[in-house]
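Make the full structure from the sequences, and use the hints.
Note that my numbering has the sequence shown beginning at -3, numbered continuously upward.
It is worth saying that the hints were derived from the structure and are not from the lab. Predicted model only: the values in this text are computed from it and were never measured. For every residue, glycine included, the Cβ atom is placed at its ideal position computed from N, Cα and C. It is possible that some hints are incorrect.
[To be verified] Each pair of labels, with its calculated beta carbon distance range: (1) ARG16 <-> ASP45: 23 to 31 angstroms; (2) LEU44 <-> GLU84: 16 to 24 angstroms; (3) GLU63 <-> SER23: 17 to 25 angstroms; (4) SER23 <-> MET65: 17 to 25 angstroms; (5) ALA41 <-> GLN73: 16 to 24 angstroms; (6) GLU20 <-> ARG74: 26 to 34 angstroms.
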Amino acid sequence: MTATLRRFGAAARPAYLVRRGDPERGSVLVRLDGHRAGTRILTQARDLDGRLIWLEAAEGRALPPDEAMAYVDRAVQRDPDLWVIEIETPDGATLFTGRVE
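What follows is the structure, given as structure tokens:
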């Protein structure tokens, strides 16, 4: 997780660990804060071949900040092992390994 945060810092993209999950089995949820453009939410998953992918919440549309926070809160209630990262990215760039679906 710290390597991911450093990668964004090196690319001048402020990234913050908002919630620490279980280091062994916690999955990752990312809030991409596009400021005026809204917030996109990605969750980490694996495809059928075991490759890393990112699934977009809300059918890929940007959410207003209050809806994005409510989504994250519900996700944490369902999965208490969840890690949550927030990234400031006005242009929507993710810099993640794995495709976004």
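Any hints from earlier that this structure breaks? Give me their numbers in increasing order, please. The structure breaks hints 2, 6; every other hint is satisfied.
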